[in-house]
Amino acid sequence: MSFIHDDFLLQSETSRRLYQTYAASEPILDYHSHLPPADIASNRRFNNLFEPWLEGDHYKWRAMRANGVPESHVTGNADPRDKFLTWARTVPYTLRNPLYHWTHLELKRYFGIDELLNENSAPSIWDRANEQLRSSSELTTQGILRKFKVRAVCTTDDPCDDLAHHRAVNSSASAGFRMYPTFRPDAALAVGQPEVFASWVARLQKSSNIEIHSFSHFLDALKQRHGHFHSVGGRLSDHGLTRCFANPCNDTQAGLIFSKARDGKAASAAEEEQFASNLMLFFGRLDAEKNWTKQLHLGALRNVNTRATQALGPNTGYDNIGDWPQAEALSRYFDLLEQENALPKTIIYNNNPIDNFVFSTAIGSFQDGKTPGKIQFGSGWWFLDQKEGIEWQLNALSNNGLFGRFVGMLTDSRSFMSFPRHEYFRRVLCNLLGSEIDGGELPRDEELVGATIRNICFANAKEYLALDLN
Amino acid sequence: MSFIHDDFLLQSETSRRLYQTYAASEPILDYHSHLPPADIASNRRFNNLFEPWLEGDHYKWRAMRANGVPESHVTGNADPRDKFLTWARTVPYTLRNPLYHWTHLELKRYFGIDELLNENSAPSIWDRANEQLRSSSELTTQGILRKFKVRAVCTTDDPCDDLAHHRAVNSSASAGFRMYPTFRPDAALAVGQPEVFASWVARLQKSSNIEIHSFSHFLDALKQRHGHFHSVGGRLSDHGLTRCFANPCNDTQAGLIFSKARDGKAASAAEEEQFASNLMLFFGRLDAEKNWTKQLHLGALRNVNTRATQALGPNTGYDNIGDWPQAEALSRYFDLLEQENALPKTIIYNNNPIDNFVFSTAIGSFQDGKTPGKIQFGSGWWFLDQKEGIEWQLNALSNNGLFGRFVGMLTDSRSFMSFPRHEYFRRVLCNLLGSEIDGGELPRDEELVGATIRNICFANAKEYLALDLN
Amino acid sequence: MSFIHDDFLLQSETSRRLYQTYAASEPILDYHSHLPPADIASNRRFNNLFEPWLEGDHYKWRAMRANGVPESHVTGNADPRDKFLTWARTVPYTLRNPLYHWTHLELKRYFGIDELLNENSAPSIWDRANEQLRSSSELTTQGILRKFKVRAVCTTDDPCDDLAHHRAVNSSASAGFRMYPTFRPDAALAVGQPEVFASWVARLQKSSNIEIHSFSHFLDALKQRHGHFHSVGGRLSDHGLTRCFANPCNDTQAGLIFSKARDGKAASAAEEEQFASNLMLFFGRLDAEKNWTKQLHLGALRNVNTRATQALGPNTGYDNIGDWPQAEALSRYFDLLEQENALPKTIIYNNNPIDNFVFSTAIGSFQDGKTPGKIQFGSGWWFLDQKEGIEWQLNALSNNGLFGRFVGMLTDSRSFMSFPRHEYFRRVLCNLLGSEIDGGELPRDEELVGATIRNICFANAKEYLALDLN
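Residue numbers (the numbering used here), protein chains in the order written: chain C, 1 to 470; chain D, 1001 to 1470; chain P, 2001 to 2470.
Looking at chain C on its own, in the form it has when it is part of the complex (with noise of 0.2 Å):
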């Protein structure tokens, strides 16, 4: 029998058929990615299994180099067939790291390959995959969205952006799925590092055609791109922070610091959490004004290694899981905006399963009675989004919270190749429900089970972001 076989991870008659019955066929809402835009818009075509698998995938760089494959073969020059068969003989050691279920359900679904890849079957693998990239109106960036049935996708996006391609795509009649962008203005928070921050202000001033010359201007300027991207569909925001940021100063200090930073002067740590913790109130505020969903990535310890970082730039595959306490800035910022009736629907998102049953828990203080599942724990990310990382999220928001509420999966992904990451999450739920109602901990009523399966893998999500789908 071959390893992706149609039970993969379903382990009992019951899993099978909660997951045949109720989750294989839903839709996917991928509500956030890290997907290029201009890729999707072009329908780019690849030229070999390299590009869209290997290229840009620090998840493989990292298994690679601990495999002890030198950076050559890595990020570096290697030729790309050379690059491949030194990733497959990196394989066999990744037993029991998600790459590889990735890896082998990845092959299967796009390109129907069954073997284990290893060093003697990759030049194989290698010459079907690239046959089939090359000639397959499926196998596009356009083809893979319509393949896997995206009804909409959501990519992540530099508030300066001007996205024509989400544009593009939008009014295509051709498409078959929408894609939509985030708003996700970590860049406006760099008090800190004075050049980014000034260079940055400067394009801000000229995407939004607002004259900067003060905090106030950079606000203006700030919510002129938050409703352009509204006016382009966009409806949700996202932030990459280490901690909530909820010690705000008021906006004269703010102004104070902005000046000072745009003027070369870096803020110190202090002023750079005022700065950031006014910020993010105001963000806070417009995507609660315009009825959006925030998004927190929350406890990423980022580019450890100042050596590789120097050499090869920043989300090169050396980042940590950070140990900061969370709660009490989490609960904090979700305070703050409560209290000015400023508090959007949130989804957070957190990087050390430690903080799961917190985060579980600091949801359930701030539903407001209204929207049902309005603030959201999310999905297992980045060093979680594994089988044992989806079942602890989805255990500490169940313990804690309502399962049935859970708006569900997302890729996160920088790779075409990962919409699979729906159906693997879809299984690990599937199996999950299935295992307890043989345990006898879910009542046999797989039509009450099975309704909740359908809304998580995409109602839920579709009724929740209130995203434009048609």
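For lysine to aspartate or glutamate, the following DMTMM-like pairs were computed, each having C-alpha atoms within a straight-line distance of at most 20 Å: (1) C:Lys387 x P:Glu2388; (2) P:Lys2108 x D:Glu1441; (3) P:Lys2147 x P:Asp2039; (4) C:Lys260 x C:Glu273; (5) P:Lys2387 x D:Asp1438; (6) P:Lys2387 x D:Glu1436; (7) C:Lys370 x D:Glu1071.
Negatives, chain C to chain D, calculated, CB over 10 Å: (8) Pro80; (9) Thr141; (10) Ala168; (11) Val196; (12) Gln224; (13) Ser259; (14) Lys260.
Worth flagging that the hints you see were computed from the coordinates, not collected in a lab. Fair warning: this is a prediction, and the values are worked out from it, not measured in the lab. We put the CB at the ideal spot given by N, CA and C, even for glycine.
Given the structure of chain C, go ahead and fit chains D and P onto it with the hints provided.
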């Protein structure tokens, strides 16, 4: 088959046999609860299912808010039946939350009702349950305690309480159980809120009949109340703390902080910690002198939603799990008492599962070689009193301590409907042990394992707490 | 059936086959232990079961104290047989504690004894075990090492040790195994305890034969000892730290702190951290130069019970799990060494399970693309070396790193009775993998999985540590 059948949560023959043979018939010693003494003393009868089930249950309130139910139907003025129907509509969304288990276990054990609660079944369940509440002698507060074979229940009480209800119950020939108070002097630490503190000191003066002119009188009055609790049969104290306070000032400094707070000036955070540390040592000595058991409930982040707390008051379902470091202060508190040979029997409860292993080792360094299991790691608390939390606590305790000396379950509840929590715990316990016997992790020696189960259900708590059960 | 049967902990046919085929016969490389070199060099014979089992085992001491056993029968002056009988009475209360498994596994493997240890079986077990200890050539220290196919054992040694015992064993024709020292310079960081520090520097001066007039001489002497360890075949260092020290001062400042401590004045906490950070970088360079493997044991909160520590000394069973943040300092320590191209092979061990995921990602950012698995996350340590802790470490490592490159188990023990810990680990490992094959999470490719098992049992450690095993 009904959801709550005889083998509910018992997933193997061995587990079933262990539960039926050793656990099911054991009496209950509910040594920590928040039941209202007056309701027990008066043998209150309930008018309808709303009163014992929804009126005071912040678990259900949180679930309803998360499901989009407006506050009018949670804690507000809506009709009790409408609130119940709204709760019933929420129940299907609580799948996988402990509320789903508790709800159906309680309907079965109190009313013999076997249906799943939802919008359709709700009206009939409401009528049938109410009929029984109004007519059955088993469903008054005292009837319930007898029905569940509760040998003693410990309430949680302010040191100023006169304990008349406890004395009334314990002098009653017909009660069939004992009710003991627990000394919970949290208000004595509140020097950071001078109005609260001063008014409480005034109450203390009155109840103790000791004029409080100084810190020394304050301690005298506290000691008098402790003695009063002892005279009524109380043998437990309890403290709700974010973290242990273990950074004491001396009595002179404590006296200054005391006077300042009493005069309406708030202590600083540092002073508050020093004062609380001083008092926690004092309370430790009181308990040690009288061979009481001290309980520490650590790690809750309370009343985080300012708007809701202002509208509804504290303890209305706006609390989270906190994530403070616990290890050093906890050890230091124990160590300071141990150094003066004044460490009482102590049970520590944690609110964040990440502290399970810290707690399971912290107890092991302060066992005294006299009282078996002198320092206890208490059962899964609050956000952790579901199947997974119960199992985690049992496993952490077992991995680093003596499971065989564990004093077991308590309801910690404000509701008379919560006594099946003991059954729930016992099923989880027996399911775990049965599966471990079947898996070869425990010897197939059911006498040995069964004796351990019996001890954990009742005998260990009886021996350890030394309450008068006659 | 006896408790410790052939399939102990192996819960499926697949698991049994994996264990018997791939794991059972692998030799042992016990690369971290606290065995006394003198006992090995002298081929010590034990007079009775108390000596190898209870004399130095603080796990058992903690269990006995928690069971109400007075110190006279733990570490005190009671008769060895009485102490053993007291331990036997405690054993039934250790159900679910790893001691229950270890106890019976050790009785079986060393003495062929199959009964459960308790009050009744104890006298006969005492007699039978003692008889064998006194007569069997397999039960001397060297006999034990050969019996368990230990190819090399690494002890943990003060830099001042002359390593005569190691040289004696390794020049013996008959030993049948190698014994290597591990360089553990914790005393070199103790500038906060000037008497301890000064007397240790005096020992260092003597052992190195280098006159230490300055910090620079101090470093020279440490380097001389490191070289001496190398000449005897040592290839590992070890450090026991609460947290990583990664906040270094320069050598001039370190010199001032050094002189101050040597003159009897305690360094401040800040100075101690700076000094320790400086030295930890120095030690990193020493290891990197000679291609050694550095071990970091992080997170223990030691000697928390002042009264007991004063009475019995350190390392007598009064230690807890700590809960310091680890992520930032750990990454920074690695980063500082990596920036000067002086990061050695390193194994990090954690004492708190909440750090598992942090550790599993921290290693991934410092792999160098040359040495496979260069930075390792070590096996479950101390309070985590039971079945659950072993599985958690394996899972965390697998989820975020390369399980296939893991260097596997070590005893970390002070007892010659602990070698079955390797068997225990292997059973847990094979049970996990077998169940994952059966559940479809791993491919049913027993050759692939079996090769991985073999590597983790022995070959990975052999290749990685580069100890001379001939």
